[in-house]
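S.K.: Residue numbers (our numbering), protein chains in the order written: chain A, 1 to 341; chain B, 1 to 341; chain C, 1 to 341; chain D, 1 to 341.
Note that these hints are calculated values from the structure, not bench results. Only a predicted model underlies this, so the values are computations on that prediction, with no experimental measurement involved. Where hints are given, some of them may not hold.
To be clear about the criterion: a stretch of chain A counts as covered by chain B if any three or more of its residues have a C-beta under 8 Å from a C-beta of chain B, and this derived list gives those stretches [to be verified]: (1) 192 to 204; (2) 303 to 313.
Cut-off 27 Å, straight-line C-alpha distance, at most; resulting in silico cross-link-like pairs (DSSO-like, lysine-lysine) [what the hints assert, rightly or not]: (3) K68/D with K6/A; (4) K201/D with K6/A; (5) K6/D with K68/A; (6) K121/B with K147/A; (7) K120/C with K154/C; (8) K68/B with K68/C; (9) K147/D with K201/C; (10) K262/D with K262/A; (11) K150/D with K71/D; (12) K71/D with K6/A; (13) K71/D with K204/D; (14) K121/C with K204/C; (15) K6/C with K262/B; (16) K150/D with K90/D; (17) K6/D with K27/A; (18) K204/C with K6/B; (19) K6/C with K68/C; (20) K147/B with K68/B; (21) K27/A with K204/D; (22) K120/D with K150/D; (23) K71/C with K154/C; (24) K120/A with K68/A; (25) K27/B with K6/C; (26) K201/D with K147/C; (27) K71/B with K6/C; (28) K68/B with K262/B; (29) K120/D with K71/D; (30) K90/D with K71/D; (31) K147/D with K6/A; (32) K201/D with K90/D; (33) K71/C with K68/B; (34) K121/B with K147/B; (35) K121/D with K27/D; (36) K27/C with K27/B; (37) K6/B with K120/C; (38) K120/B with K204/B; (39) K27/C with K6/B; (40) K204/B with K201/A.
Ideal Cβ placement from N, Cα and C applies to all residues, glycine included.
There are 4 protein chains.
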Amino acid sequence: MIVVLKPHTPTGGIDRVIREIERLGYKPHPVCGDIQTIVAAIGDETTHGSLETLTAWPEVESVMRVQKRYKLVTREGDRPDTTITVRGQKIGAGQPLCLMAGPCSVESETQLMTTAEAVKKAGATILRGGAFKPRTSPYEFQGLGEKGLKLLSKARDEFGLSIITELLSEADTDLVAEHADILQIGARNSQNFQLLIRAAKTGKPVLLKRGLSMRIEEWLLAAEYLLASGNPNVFLCERGIRTFETYTRNTLDLSAVAIAKKETHLPVIVDPSQGCGRADLVIEMCKGAIAMGADGLLVEVHPNPSQAWSDGQQQLDVSLFNELVRVISPFTQAAGRPQTT
Amino acid sequence: MIVVLKPHTPTGGIDRVIREIERLGYKPHPVCGDIQTIVAAIGDETTHGSLETLTAWPEVESVMRVQKRYKLVTREGDRPDTTITVRGQKIGAGQPLCLMAGPCSVESETQLMTTAEAVKKAGATILRGGAFKPRTSPYEFQGLGEKGLKLLSKARDEFGLSIITELLSEADTDLVAEHADILQIGARNSQNFQLLIRAAKTGKPVLLKRGLSMRIEEWLLAAEYLLASGNPNVFLCERGIRTFETYTRNTLDLSAVAIAKKETHLPVIVDPSQGCGRADLVIEMCKGAIAMGADGLLVEVHPNPSQAWSDGQQQLDVSLFNELVRVISPFTQAAGRPQTT
Amino acid sequence: MIVVLKPHTPTGGIDRVIREIERLGYKPHPVCGDIQTIVAAIGDETTHGSLETLTAWPEVESVMRVQKRYKLVTREGDRPDTTITVRGQKIGAGQPLCLMAGPCSVESETQLMTTAEAVKKAGATILRGGAFKPRTSPYEFQGLGEKGLKLLSKARDEFGLSIITELLSEADTDLVAEHADILQIGARNSQNFQLLIRAAKTGKPVLLKRGLSMRIEEWLLAAEYLLASGNPNVFLCERGIRTFETYTRNTLDLSAVAIAKKETHLPVIVDPSQGCGRADLVIEMCKGAIAMGADGLLVEVHPNPSQAWSDGQQQLDVSLFNELVRVISPFTQAAGRPQTT
Amino acid sequence: MIVVLKPHTPTGGIDRVIREIERLGYKPHPVCGDIQTIVAAIGDETTHGSLETLTAWPEVESVMRVQKRYKLVTREGDRPDTTITVRGQKIGAGQPLCLMAGPCSVESETQLMTTAEAVKKAGATILRGGAFKPRTSPYEFQGLGEKGLKLLSKARDEFGLSIITELLSEADTDLVAEHADILQIGARNSQNFQLLIRAAKTGKPVLLKRGLSMRIEEWLLAAEYLLASGNPNVFLCERGIRTFETYTRNTLDLSAVAIAKKETHLPVIVDPSQGCGRADLVIEMCKGAIAMGADGLLVEVHPNPSQAWSDGQQQLDVSLFNELVRVISPFTQAAGRPQTT
């Protein structure tokens with residue numbers, strides 16, 4: 001770490017800071033400029049106590065980290081890309097683009113099976129569907145719960161699709177893990193570390209959505225919680241961040257795809273439906289996501305979006321989803337990730 | 001709700017939308033302009049299905065809500081201000097400013113008791129201290145857990161202070177409620193609705209921090225979850241939002257205090273320590289908070305901030321806390337909220 | 001517009017609002033719900049005085065716009081895509097991707113000519129280079145001024161490249177227009193309306209960068225100033241918005257490309273260099289931009305970025321620019337916008 | 001500056017970076033950690049070329065500034081607070097709170113004189129009023145121009161109020177300076193450096209509004225442009241920043257007041273009208289601003305806000321302004337800044 005002292009700090013003050021840096025287990029290297037002294041503190045920042053508390057000292061202007069804070073998710077040390085196998089399908093770098101699709105919420109057997117059949121036919125291999133729904137208002141539909149999970153399992157049996165569904169509550173972990181092939185952690189729970197740890201320990205692959213105002217470093221550190229809990233099978237999922245823009249529900253940050261691929265060895269999925277909150281932009285967002293290097297897409301599809309029980313405005317109907325699969329094809333080719341048909 | 005149709009939508013399309021509005025249980029009132037038609041849909045938006053799904057219709061440009069989405073936290077209907085009684089102390093509108101103070105994390109018996117004695121002497125009535133700590137990195141100190149809770153209970157017995165501490169995990173709810181007088185829900189869990197419901201059901205007062213990128217409406221709807229779960233004793237706590245600014249850790253949004261007081265009947269607390277993340281700004285922030293109408297302050301105090309195990313840079317030492325209490329006094333007077341001494 | 005009255009507004013208050021709406025030239029249509037009355041006000045919102053002032057009335061809760069505020073940039077009314085011809089080259093929908101490239105600042109004849117030759121050879125048709133530089137600090141290099149402009153003219157003569165350069169000051173308008181083929185309005189001046197009007201009146205095509213915190217509607221309204229001043233040849237340029245993220249200098253908002261193409265008939269250019277502020281991400285950003293429908297790219301290229309006088313960290317060297325042109329080729333093909341070689 | 005090298009950079013690469021740092025005029029001090037080497041570069045960062053270009057080097061992970069970039073606005077070096085005298089009235093630290101009030105736009109002689117008389121009577125000493133208005137849409141009222149300026153001059157003559165009005169265009173500088181006692185630079189022009197320089201050179205005091213998404217450092221550097229152009233009489237004005245919140249038009253960042261007072265010697269003014277965009281919050285915002293240390297307030301007042309030609313929703317009527325002056329009185333007392341009556 002670098003400890004920057006205030007301009008014109010007297011020698012006594014500099015010494016005091018240096019001794020404290022030593023006391024905290026770092027090796028201090030002071031460098032005196034004309035105006036300011038800085039002290040480079042050598043030591044492993046991930047194991048020692050943080051020097052950031054020194055910011056509270058009267059002599060100290062600021063403390064800057066040097067080392068990256070994540071150790072397991074980093075690409076450093078030439079780690080190979082992680083490929084995650086879900087019911088026989090390999091997902092990750094070098095693999096064909098993975099299509100995850102399905103309704104925002106599981107609403108009924110008919111709704112789910114219709115959708116499952118359609119997305120399977122269009123080329124999706126993983127079925128999404130929320131059984132437990134986090135809703136901004138307590139008066140909105142909260143999901144079918146266990147009944148929804150059972151319908152998802154049924155759809156898997158019937159159509160051979162893998163299942164991804166959201167885990168909302170620590171208390172439901174075993175139940176959800178029993179029915180899901182991938183556990184989804186939603187944006188609102190992206191720093192609910194207890195839930196992350198519980199999810200990781202099921203051994204199931206976990207898809208970690210980026211929180212609404214999560215810096216990329218924080219997102220990767222949340223993923224670090226999953227890996228540090230013994231689960232290497234983590235998908236990062238960009239789903240839009242909160243900005244000042246009001247045209248879209250969120251601002252889909254496609255640069256995060258390139259950055260996550262550059263910084264980590266984990267597969268990256270893009271959720272364009274949450275990402276923009278408008279069905280009429282989803283297809284364009286998918287093209288961009290593929291070009292930026294996404295390993296998969298998570299798309300909301302509903303047989304009749306205008307009658308959906310949640311987020312109808314962002315769900316594609318079956319014919320639009322078919323169009324999506326068609327028009328992204330040149331881009332998956334260009335990206336060297338063609339889907340096998 | 002207001003459904004805005006696209007310019008020049010033909011009559012057939014307008015009729016189709018009107019019929020769907022009826023089907024969803026609303027009474028449609030179309031108003032035809034020269035360019036665009038809008039349909040006002042009469043009905044209770046909090047009980048019917050949402051018309052927002054209509055946004056997915058080709059005829060529809062946008063759907064606007066009219067009614068507010070919160071029913072219990074609102075001041076509408078001339079509800080009186082909520083006063084919350086914590087171990088005999090009344091907190092809320094018309095009451096003296098409530099001072100909650102203590103260390104970021106409980107670290108040891110000596111650290112906690114020293115702080116408790118000091119903040120009590122300075123005028124605080126509630127002791128804060130984290131036993132379970134949500135940390136961005138898995139490699140940071142995660143709190144003493146149950147041991148920390150027991151130390152908090154001991155401090156209450158010894159100094160007659162009430163205890164506020166954070167609840168992080170559904171699984172710990174009973175344990176934390178056993179030791180705490182107020183359950184704190186942190187910013188990262190502000191939309192962890194399962195945790196909110198569990199916390200509410202303990203019957204203990206709950207302090208709900210605003211999430212880093214929570215709109216005020218979302219914050220009030222999260223509070224609505226608490227009230228809808230049967231717990232009327234909810235403190236709203238502003239603790240800084242995430243913006244583009246880097247000088248401070250967060251941007252303390254003091255306007256949120258005035259807005260929350262105007263929109264709701266709940267007491268509002270300000271956390272200036274998290275809010276700016278710099279000890280050298282805390283006192284000024286407290287003055288502003290009081291002037292804006294805050295009912296209480298939640299301040300981090302540590303006997304030796306530069307050696308704190310977490311967030312040392314934002315904790316006041318005892319002498320600064322004493323100064324804080326002294327210099328805010330004219331402002332509590334000005335606000336008509338003098339502390340009894 | 002829609003005027004939403006407060007719940008339980010008495011009849012007298014409703015009447016008062018209705019009369020004011022009439023006085024302001026709108027035709028009021030009140031719709032009374034059980035709790036709230038809304039008044040739809042029919043009239044052309046772009047010519048009448050705004051009803052937003054009604055928000056100041058005690059009876060009024062909010063005022064919502066219905067109509068879009070831009071009339072000339074909109075795609076509504078089936079306007080065809082605008083194609084802009086710059087020294088014989090057509091740019092816009094259906095045309096090959098347009099490559100604009102060159103140094104952040106013009107520094108010297110050698111630097112500029114070397115770059116011009118290299119980017120021309122790689123396939124660029126337009127040379128960028130700042131002669132007047134807006135710099136955050138007054139102590140940073142402010143550009144070569146007129147000398148820089150003359151070097152740009154010389155490069156045009158020598159290499160047959162068109163020139164785009166930034167206009168910073170009303171006072172320099174004629175001078176810059178004399179040397180430039182496209183006038184660039186930078187992000188900091190995107191709502192400097194006097195400069196926009198001056199730029200428009202030169203008759204030269206204008207490239208309007210999106211401001212750091214400009215909503216898309218505001219960006220399009222700034223473009224509307226240009227068209228309303230009689231200049232139809234406007235490029236919209238996305239160059240990153242300001243968010244909470246710190247990994248990149250700005251967050252390149254590629255969704256804005258799709259939205260601008262959907263809402264307007266104007267060509268859209270993406271500046272990935274400013275957009276992320278890191279050379280190592282530029283190529284990926286370009287792929288995404290092309291997939292999202294960009295009509296052109298504006299890329300910073302410098303013969304020796306590490307010795308650039310401004311923004312070296314985001315400029316590509318010549319070999320990276322050559323690589324860029326090579327690797328985007330499959331994506332321009334996929335987007336149906338192949339460059340002719 | 002601190003140059004952080006990538007982990008495991010070989011000696012040759014380290015040497016190459018060190019030589020470049022020397023070449024750029026800094027004295028390099030390498031400090032080798034187990035994993036990473038950092039190089040502290042000693043030299044005056046405000047005069048040398050920036051090392052930030054080194055970020056483009058393959059060996060370099062990041063470059064961190066140590067020194068502050070502003071030299072004239074800083075409080076460092078124990079500079080005394082700047083007090084600005086406007087037509088005999090001293091404004092700044094230690095002086096009574098300065099009240100600037102008046103309409104958003106000058107609309108007519110009657111409107112302006114009525115307001116001027118009322119705000120004078122209530123205790124304001126400076127009259128605000130826009131003659132040139134920057135408007136998001138070209139179809140909105142753009143101000144009376146020179147006619148408005150003459151009305152302001154007339155109000156000064158009649159009521160003995162000083163005049164503050166916005167300068168929008170370099171071309172109007174002399175004209176506006178002829179009529180104004182303080183030149184206001186609006187948020188949209190806060191980084192229009194050419195306009196800043198022109199304004200500074202008039203010799204009139206300048207009030208610099210913070211831009212919508214300006215970091216505090218950038219705001220202070222924009223002020224640095226004014227001081228570096230020879231004008232020491234600069235007011236900083238916080239007027240709300242752009243965030244994700246939609247309840248208010250902007251988020252008034254009162255913490256910026258405390259920070260600007262701490263970092264600089266300049267007086268700080270708060271504009272609560274723009275800051276929240278809602279008349280019903282202005283009074284509370286003023287209380288907060290005073291408590292945070294503001295030296296003055298800039299408040300929009302209109303004789304009939306609901307019929308204002310711009311921004312009626314945020315303007316106070318005369319009776320509310322009188323109430324404002326009354327209710328802030330205890331807070332100006334508490335802040336030691338009582339207005340003389």
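S.K.: State for each hint whether it applies.
M.R.: Each hint, compared with the structure:
1. As drawn, the region 192 to 204 of chain A meets chain B at 4 residues by the rule of a beta-carbon pair under 8 Å; at three or more, the given contact holds.
2. A stretch counts as covered by a chain when three or more of its residues have a beta carbon under 8 Å from one of that chain; for the region 303 to 313 of chain A and chain B the count is 8, and the coverage holds.
3. At most 27 Å may separate the alpha-carbon atoms for a hinted pair to count; K68/D and K6/A meet this at roughly 11 Å.
4. Annotation: proposed proximity of K201/D to K6/A is violated, straight-line Cα distance about 34 Å (limit 27 Å).
5. As the CA atoms of K6/D and K68/A are separated by approximately 11 Å, the hinted pair is consistent with the 27 Å bound.
6. Pair hint K121/B plus K147/A does not hold up; C-alpha atoms about 56 Å apart against a cutoff of 27 Å.
7. About 14 Å separates the Cα atoms of K120/C and K154/C, which keeps this hinted pair within 27 Å; it holds.
8. Proposed proximity of K68/B and K68/C is supported: the alpha carbons are some 25 Å apart, at most 27 Å.
9. The suggested pairing of K147/D with K201/C holds, with an alpha-carbon distance near 25 Å, which does not exceed 27 Å.
10. With a C-alpha separation of about 40 Å, the suggested pair K262/D and K262/A falls outside the 27 Å cut-off, and the hint is violated.
11. Restraint check: the Cα-Cα separation between K150/D and K71/D comes to about 38 Å, which exceeds 27 Å; the hinted pair is violated.
12. At roughly 15 Å between alpha-carbon atoms, K71/D and K6/A fall within 27 Å of each other, so this suggested pair holds.
13. Restraint check for K71/D and K204/D: satisfied, since their Cα atoms lie roughly 21 Å apart, inside the 27 Å limit.
14. With a C-alpha separation of about 26 Å, the suggested pair K121/C and K204/C falls inside the 27 Å cut-off, and the hint holds.
15. This hinted pair checks out: K6/C and K262/B have alpha carbons roughly 14 Å apart, not beyond 27 Å.
16. Taking the CA atoms of K150/D and K90/D, the gap is about 25 Å. The hint holds against a cut of 27 Å.
17. Restraint check for K6/D and K27/A: the C-alpha separation of about 20 Å stays at or below 27 Å, so the hint holds.
18. Distance check on the hinted pair: K204/C and K6/B sit about 34 Å apart at the alpha-carbon level, beyond 27 Å; violated.
19. Note on K6/C and K68/C: the hinted pairing holds, with a Cα-Cα distance of about 25 Å set against a maximum of 27 Å.
20. Of the pairs offered as hints, the one joining K147/B and K68/B is violated, with about 43 Å between alpha carbons and a cut-off of 27 Å exceeded.
21. Taking the CA atoms of K27/A and K204/D, the gap is about 53 Å. The hint is violated against a cut of 27 Å.
22. Note on K120/D and K150/D: the hinted pairing holds, with a Cα-Cα distance of about 19 Å set against a maximum of 27 Å.
23. Proximity of K71/C to K154/C is assessed by CA-CA distance (about 39 Å); at most 27 Å being required, the pair is judged violated.
24. Taking the CA atoms of K120/A and K68/A, the gap is near 41 Å; set against the 27 Å cutoff, the hint is violated.
25. Simply put, K27/B and K6/C have alpha-carbon atoms about 20 Å apart, close enough for the 27 Å limit, and the pair holds.
26. Using a Cα cut-off of 27 Å, the hinted pair K201/D and K147/C holds, with the two alpha carbons roughly 25 Å apart.
27. Distance hint between K71/B and K6/C is fulfilled; the C-alpha atoms sit about 15 Å from each other, no more than 27 Å.
28. For the suggested pair K68/B and K262/B, the alpha carbons sit about 14 Å apart, so the restraint of at most 27 Å is met.
29. Of the pairs offered as hints, the one joining K120/D and K71/D is violated, with about 38 Å between alpha carbons and a cut-off of 27 Å exceeded.
30. For the hint pairing K90/D with K71/D, the CA-to-CA distance comes to about 24 Å; that is within 27 Å, so the pair holds.
31. The straight-line distance between the Cα atoms of K147/D and K6/A is roughly 52 Å, outside the 27 Å bound, and the hint therefore fails.
32. For the hint pairing K201/D with K90/D, the CA-to-CA distance comes to about 21 Å; that is within 27 Å, so the pair holds.
33. A threshold of 27 Å between alpha carbons decides the hint, and for K71/C with K68/B the separation of about 32 Å lies outside it, so the pair is violated.
34. Distance restraint check for K121/B and K147/B: the Cα-Cα separation of roughly 25 Å lies within the 27 Å cut-off, and the hinted pair is therefore satisfied.
35. In summary, the hint linking K121/D to K27/D is not supported, as the alpha carbons are separated by about 62 Å, beyond the 27 Å threshold.
36. This hinted pair checks out: K27/C and K27/B have alpha carbons roughly 22 Å apart, not beyond 27 Å.
37. Between K6/B and K120/C the alpha-carbon distance is near 45 Å, which puts this suggested pair outside the 27 Å criterion.
38. Using a Cα cut-off of 27 Å, the hinted pair K120/B and K204/B holds, with the two alpha carbons roughly 22 Å apart.
39. Taken as a hint, the K27/C and K6/B pair is honoured in the structure, with Cα atoms around 20 Å apart against an allowance of 27 Å.
40. At most 27 Å may separate the alpha-carbon atoms for a hinted pair to count; K204/B and K201/A exceed this at roughly 31 Å.
Checked against the numbered hints given earlier, the structure breaks hints 4, 6, 10, 11, 18, 20, 21, 23, 24, 29, 31, 33, 35, 37, 40 and satisfies all the rest.
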